[in-house]
Amino acid sequence: MNEEKLLKEVENEPHKFGEIYEAYYKNIFGYVFRRTASYDAAKDITAETFLKAYTGIQKFRWRNISILYWLYRIATNEINKYFNSRRYMPESLNRIHEEYGIDVTDYSNAETERIMIEEDLEKHKEFKKLNELIKKLDTKYQDVISLRFFEQKSIREIAVILDKKEGTIKSLLSRGLDKLKRNITG
Amino acid sequence: MKNDEIENMLKGMDLPDPENIKHQQEFKIPLLSYKRSSKAGLWLLLLPVIFALTLILKYQLGLFSSLLDPVTNFYKIIEQNAVLTYLIPVILIGLPLLAMVINFLSFFHFLYDSDKKELIITIKYRPVNITIFLFCFALLVFFFSPDALP
Numbered sequence: 021m022n023e024e025k026l027l028k029e030v031e032n033e034p035h036k037f038g039e040i041y042e043a044y045y046k047n048i049f050g051y052v053f054r055r056t057a058s059y060d061a062a063k064d065i066t067a068e069t070f071l072k073a074y075t076g077i078q079k080f081r082w083r084n085i086s087i088l089y090w091l092y093r094i095a096t097n098e099i100n101k102y103f104n105s106r107r108y109m110p111e112s113l114n115r116i117h118e119e120y121g122i123d124v125t126d127y128s129n130a131e132t133e134r135i136m137i138e139e140d141l142e143k144h145k146e147f148k149k150l151n152e153l154i155k156k157l158d159t160k161y162q163d164v165i166s167l168r169f170f171e172q173k174s175i176r177e178i179a180v181i182l183d184k185k186e187g188t189i190k191s192l193l194s195r196g197l198d199k200l201k202r203n204i205t206g
Numbered sequence: 022m023k024n025d026e027i028e029n030m031l032k033g034m035d036l037p038d039p040e041n042i043k044h045q046q047e048f049k050i051p052l053l054s055y056k057r058s059s060k061a062g063l064w065l066l067l068l069p070v071i072f073a074l075t076l077i078l079k080y081q082l083g084l085f086s087s088l089l090d091p092v093t094n095f096y097k098i099i100e101q102n103a104v105l106t107y108l109i110p111v112i113l114i115g116l117p118l119l120a121m122v123i124n125f126l127s128f129f130h131f132l133y134d135s136d137k138k139e140l141i142i143t144i145k146y147r148p149v150n151i152t153i154f155l156f157c158f159a160l161l162v163f164f165f166s167p168d169a170l171p
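For the protein sequence lines, the chains are A and B, in the order given. Position in the first sequence counted from 1, then plus 20, gives you our numbering. Position in the second sequence counted from 1, then plus 21, gives you our numbering.
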C-alpha cells in the first residue's frame with residue numbers, strides 16, 4: 021500500500037480511508053486488546069481510534085512515517101483515557117450512535133467471537149498475570165512496556181508513536197521495568 | 022531479579038493475538054458515511070443561502086453592490102430558460118427541505134416498541150443540528166413569504 025498516494029486520494033475520496041481501516045484494524049485491535057485484556061473495551065477503543073483518525077485525517081502530514089504509528093498514538097491516548105476514568109465514554113462513537121442509530125457497543129452480534137477471543141486469552145496465563153502487574157504501573161510506563169514487548173516496536177518507533185525523544189523512551193522503559201520488577205517480587 | 026531477566030521474560034512471552042476478527046465490517050460503513058453526510062447537509066444550503074442573501078441585501082435592504090451583479094445576472098439567465106425556471110423551486114425549497122429533514126432526524130429519534138406497544142420519541146441535544154434545522158425553517162418561511170421575491 022502506497023500510503024502517501026492513498027492519503028492524497030483520501031482528501032478527495034473519503035471512502036478510500038476504508039483501505040487504511042482494512043489494512044490496520046487488526047494491528048490496532050490486537051494492541052488495544054493486549055493492553056486492556058477486555059474484548060468489549062478493545063472493540064470500543066479501536067472503533068473510537070478509527071473514527072478519530074477518519075475525522076482528523078486532514079491533520080496528518082506525510083513525513084515518511086506510516087499512518088499506522090499515528091493510529092497507535094490515537095489508540096494509546098484512548099487507552100489512557102480508559103484507564104484513567106471509571107467509565108470510558110467514547111465521544112465519537114456516541115455521536116455515530118446518535119446519527120445512524122448504530123450501536124457498536126452492542127455486543128450481541130459478536131458473542132461467539134468474544135467467547136473465542138476471551139477463551140484464547142485464558143490460555144495465556146503468564147501474559148495475563150504479568151499484564152495485571154503492568155496495569156498497576158503509571159500509564160506512561162505501561163505505554164512504553166506494551167509497545168516495546170507486546171507490539172515489538174523499536175525505541176525509535178515508540179518515540180515516533182508517543183511523540184517523545186528516544187532518550188526519554190529509554191529512560192521511561194528502564195524505570196518502568198524497575199517498577200515492574202518491584203511489583204513482581206512483591 | 023535483574024532488569025535483563027524481566028526483559029527476556031517479556032520478549033519470550035507467548036502473546037494473545039486475536040485472529041479472524043469479523044466484527045470490524047459492522048463499523049466500516051457507518052464510519053465511512055460519517056463525514057460525507059455532514060458535508061451534504063451544508064452543500065444543500067449553499068445555493069438557497071446565496072439566493073436569499075442577494076434578495077435581502079439588494080431588494081429589502083436596498084444595498085446595490087457590484088458584488089451582487091453576477092448573482093442577479095445569473096437569475097436573469099434563469100428567467101429566460103424554461104428548464105432552469107422549473108429547477109429554481111426545487112433548489113430554493115427542495116434543498117433546504119431536505120437539509121431540514123436530515124438534521125431533524127439527527128436529533129429527533131422515533132422508536133416503536135412492539136412488545137409494549139409504545140412509540141418512544143427522543144429529542145437529543147445537538148445544538149449544531151438544531152441550529153441548521155431552524156435556519157432551514159427560517160429560509161423556507163422567507164421563500165414562502167409573499168414579499169420575498171421581487
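These are calculated hints, taken from the structure and not from any lab test. These numbers were taken from a predicted model, which means no experiment stands behind them. One should not assume that every hint holds.
To be verified - Some residues of chain A that are not near chain B, with every Cβ distance over 10 Å (derived):
#1 35
#2 105
#3 109
#4 143
#5 168
#6 179
What the hints assert, rightly or not - Okay, the calculated bits of chain B under chain A, using three or more residues with CB under 8 Å as the criterion:
#7 63–71
#8 157–166
A virtual CB, placed ideally from N, CA and C, is assigned to each residue, including glycine.
These are the hints, each one checked on the structure:
1. 35: For residue 35 of chain A, whose nearest Cβ neighbour in chain B is about 5 Å away, the distance does not exceed 10 Å, so it is violated.
2. 105: holds, 22 Å
3. 109: holds, 15 Å
4. 143: violated, 8 Å
5. 168: violated, 8 Å
6. 179: holds, 18 Å
7. 63–71: violated (count 0)
8. 157–166: violated (count 0)
Of the hints listed earlier, those the structure fails to meet are numbers 1, 4, 5, 7 and 8, in rising order.
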